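The number in my numbering is simply the position in the sequence shown, starting from 1, with 588 added.
Keep in mind that the hints were calculated from the coordinates and are not lab data.
Predicted model only: the values in this text are computed from it and were never measured.
We put the beta carbon where it would ideally sit given N, CA and C, even for glycine.
Be aware that a few hints might be false.
Claimed, not checked - Simulated restraints, written as ranges between beta carbons of each label pair:
#1 A919 to N1046: 36 to 46 Å
#2 E762 to V888: 49 to 59 Å
#3 V879 to E721: 33 to 43 Å
#4 V787 to E721: 43 to 53 Å
#5 V888 to T765: 49 to 59 Å
#6 I891 to T936: 34 to 44 Å
#7 A728 to S681: 22 to 32 Å
#8 T774 to Y720: 30 to 40 Å
#9 V787 to I921: 15 to 25 Å
#10 P683 to A919: 25 to 35 Å
#11 R753 to V1003: 25 to 35 Å
Stated by the list, open to error - Below 25 Å or equal to it, Euclidean Cα-Cα: the simulated SDA-like pairs (lysine to any residue) are:
#12 K997 to Y1042
#13 K974 to D750
#14 K827 to I921
#15 K766 to S746
#16 K711 to K766
#17 K1029 to D745
#18 K923 to N794
#19 K719 to S681
#20 K740 to D1037
#21 K766 to E744
#22 K761 to L999
#23 K923 to H850
#24 K711 to D750
#25 K923 to S686
#26 K997 to T774
#27 K923 to Y782
#28 K918 to Q666
#29 K768 to H707
#30 K679 to Y847
#31 K768 to R753
#32 K766 to R753
#33 K740 to A673
#34 K766 to P826
#35 K740 to E729
#36 K719 to F703
#37 K766 to Q1028
#38 K1029 to L708
#39 K827 to A767
#40 K997 to N779
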Amino acid sequence: KKLQHLFAWRGPPPPPPPTYPMAPCEGPVQAAVPQHESRNGSSNQTASAPCSAPPPPSDSKAPTYMSSSGVSFPTQGQYWRIGGAWYDFSKFSHPGGSEILYLSRDRFSDSTYAFESHHLDYKRARAIIRKYELPEEVQAELRKAHPIPAPKLAEEDSFYSDVRRRVLAYLRKEQNTKAKVDVGPTATCLNTFYCSFVVWVLSVVNTLFVFPTVPSAVFQGLAAAVLGAFGHNWIHQPKYRNYAYLSLDTIGFSSDGWYREHLLQHHMYTNTPLDNHFKGTDPFLVTDPTVPRNFFQRVVTPIFNPVVLIFGIWGNYSFHLTELIRGNEKASIGKLFFPLLVFAYYRTLGLRGLLLFFVNTSVTSVYYFTMALMNHNSDNTLNVRKRNAARDWGEAQIASCADWAVQRKFLPSIVYLWLNYHCVHHLFPLTDFSHHRAIQKILMETCVDHGVEYEAGNFFDIYIEMVRSFSSPRSLWLEINAYNGS
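Hey, can you work out the whole structure from these sequences and the hints?
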């Protein structure tokens, strides 16, 4: 039970749902459950209930709430809200696939951030969706039914619009095209992934059958961390999503869970109560900068944070396995990879094999999660006042992410699992990390021109800031605004 909650605990379960009058419709309607009280003041709002055959919007008065990783949120019903306007994409053939289209609708009460962050050529995307906008009389009814404040689309003169235009112009020039640009992996990136996967497979064979020693298990753990870094990259790119099964599910993560939660919760609402990573290490390592710590959280666990992180992979896998059993997680062949590896180690080496496998996963967990926690737990990223003052979503991401070693080329950045350009990654999640270094230069220039405070720190300084943040809340009792630029 402890393992299940590590890296997965998200607060108490929601209270029993009250009874609401449900709108008539032909098909199943999800039961309504109230949202938890949150620091952004968005509790107890209402949203329409989705139906397989939706009723007129004027009849959709019943609030519907869903939950993901313990974070409760109101849904949008059968329509998509973007920039305060409502759209019907049910007949739209989405280039990135229908799954991400519907997930973007059903993650919280708005799709604005998902739409903005995943369309580099935002002018073209905005023009395309205009034909799917609902009539004004329908919009008025929906606004009454969904009173939660709506984020706005970034203005033309805003930081985020400008940096997107500059990056798009750079990529078009580099690729000598005026059409759609390719933001996918370079040949170097793909070849590095193939080599990394082969190295990981060979490390497994080596530990199982050749040199079943602790150094071999440590090397396997390092190889798995690199593989996981590629999985984090592939999960953002529809064309390469299947590669994530080979690089996330094989080492104990859930690529389907990441696709659903990491893309549309963590990236959209970074370092807010709506972020599924926000309380991912509670109650052992507290990352919420607005709450006090008890003695154990203040004095003991920050110093010994690697001991806590050792169980990261096991906590992730046990949580997603529990969700699979409950019917909340999609079953896939990838779910078998990790337990089959455990069985292979036990079958081949007995208890010694289980110990070596634990060493392997411990190395991967500490390596990967240390980098990931550094990305969002520096002094700069936990300054709630600065984040709340962000004028658009892009500025909020700059205030929520930490970078280091930003002059490193692609291959040398492997030592940081390519997480050293994290601001670029959050601003342009669809863009492969092999493009991050070039875009980083554009980002820094744009920050200067717009007066956006940006800093790239030293790796060891940021690590110390992260450990310090575990013990000392940086923004005690402050409220966090999840919707910047509204």
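Status of each hint after checking the structure:
The hint said 36 to 46 Å for the Cβ distance between A919 and N1046, and at roughly 44 Å that hint holds. Restraint check, E762 to V888: a C-beta distance of roughly 50 Å satisfies the suggested window 49 to 59 Å. Roughly 41 Å separates the CB atoms of V879 and E721, a value that falls within the hinted 33 to 43 Å. One distance hint, 43 to 53 Å for the beta-carbon pair V787 and E721, holds here, with the actual separation near 50 Å.
Between V888 and T765 the C-beta distance comes to about 56 Å, which sits within the given range of 49 to 59 Å. For the pair I891 and T936, the supplied restraint of 34 to 44 Å holds, since their beta-carbon distance comes to about 37 Å. Taking 22 to 32 Å as the suggested C-beta distance range, the pair A728 and S681 conforms, at roughly 29 Å. In this structure the hint that T774 and Y720 lie 30 to 40 Å apart at CB holds, the actual value being about 34 Å.
Look at V787 against I921: about 23 Å separates their beta carbons, and that is inside 15 to 25 Å. Distance hint check: the CB atoms of P683 and A919 are about 27 Å apart, consistent with the given range 25 to 35 Å. Checked against the hint of 25 to 35 Å, the C-beta distance between R753 and V1003 comes to roughly 33 Å, which is consistent with it. Proposed proximity of K997 and Y1042 is supported: the alpha carbons are some 20 Å apart, at most 25 Å.
Simply put, K974 and D750 have alpha-carbon atoms about 20 Å apart, close enough for the 25 Å limit, and the pair holds. With a C-alpha separation of about 19 Å, the suggested pairing of K827 with I921 holds against the 25 Å cut-off. Distance check on the hinted pair: K766 and S746 sit about 23 Å apart at the alpha-carbon level, within 25 Å; holds. A C-alpha spacing of about 14 Å is found between K711 and K766, which places the hinted pair at or below 25 Å, so the restraint holds.
Distance restraint check for K1029 and D745: the Cα-Cα separation of roughly 20 Å lies within the 25 Å cut-off, and the hinted pair is therefore satisfied. Taking the CA atoms of K923 and N794, the gap is near 23 Å; set against the 25 Å cutoff, the hint holds. The straight-line distance between the Cα atoms of K719 and S681 is roughly 13 Å, inside the 25 Å bound, and the hint therefore holds. Among the hinted pairs, K740 with D1037 is consistent with the structure: their alpha-carbon atoms are about 22 Å apart, no more than 25 Å.
Restraint check for K766 and E744: satisfied, since their Cα atoms lie roughly 20 Å apart, inside the 25 Å limit. Restraint check for K761 and L999: the C-alpha separation of about 24 Å stays at or below 25 Å, so the hint holds. Between K923 and H850 the CA atoms are separated by roughly 18 Å; this keeps the pair inside 25 Å, and the hint holds. Between K711 and D750 the CA atoms are separated by roughly 12 Å; this keeps the pair inside 25 Å, and the hint holds.
For the suggested pair K923 and S686, the alpha carbons sit about 23 Å apart, so the restraint of at most 25 Å is met. Of the supplied pair hints, the one linking K997 and T774 holds, its CA atoms being roughly 13 Å apart against a limit of 25 Å. Between the alpha carbons of K923 and Y782 the distance comes to roughly 21 Å, so the proposed pair stays at or under 25 Å and holds. Between K918 and Q666 the CA atoms are separated by roughly 22 Å; this keeps the pair inside 25 Å, and the hint holds.
For the suggested pair K768 and H707, the alpha carbons sit about 11 Å apart, so the restraint of at most 25 Å is met. Annotation: proposed proximity of K679 to Y847 holds, straight-line Cα distance about 23 Å (limit 25 Å). Between the alpha carbons of K768 and R753 the distance comes to roughly 13 Å, so the proposed pair stays at or under 25 Å and holds. For the hint linking K766 to R753, the alpha-carbon distance of about 13 Å falls within 25 Å, and the restraint holds.
Among the hinted pairs, K740 with A673 is consistent with the structure: their alpha-carbon atoms are about 9 Å apart, no more than 25 Å. Using a Cα cut-off of 25 Å, the hinted pair K766 and P826 holds, with the two alpha carbons roughly 22 Å apart. Taking the CA atoms of K740 and E729, the gap is near 19 Å; set against the 25 Å cutoff, the hint holds. Straight-line distance between C-alpha atoms of K719 and F703 comes to about 16 Å, which keeps the hinted pair within the 25 Å bound.
This hinted pair checks out: K766 and Q1028 have alpha carbons roughly 22 Å apart, not beyond 25 Å. As the CA atoms of K1029 and L708 are separated by approximately 17 Å, the hinted pair is consistent with the 25 Å bound. Restraint check: the Cα-Cα separation between K827 and A767 comes to about 19 Å, which is no more than 25 Å; the hinted pair holds. Of the pairs offered as hints, the one joining K997 and N779 holds, with about 16 Å between alpha carbons and a cut-off of 25 Å not exceeded.
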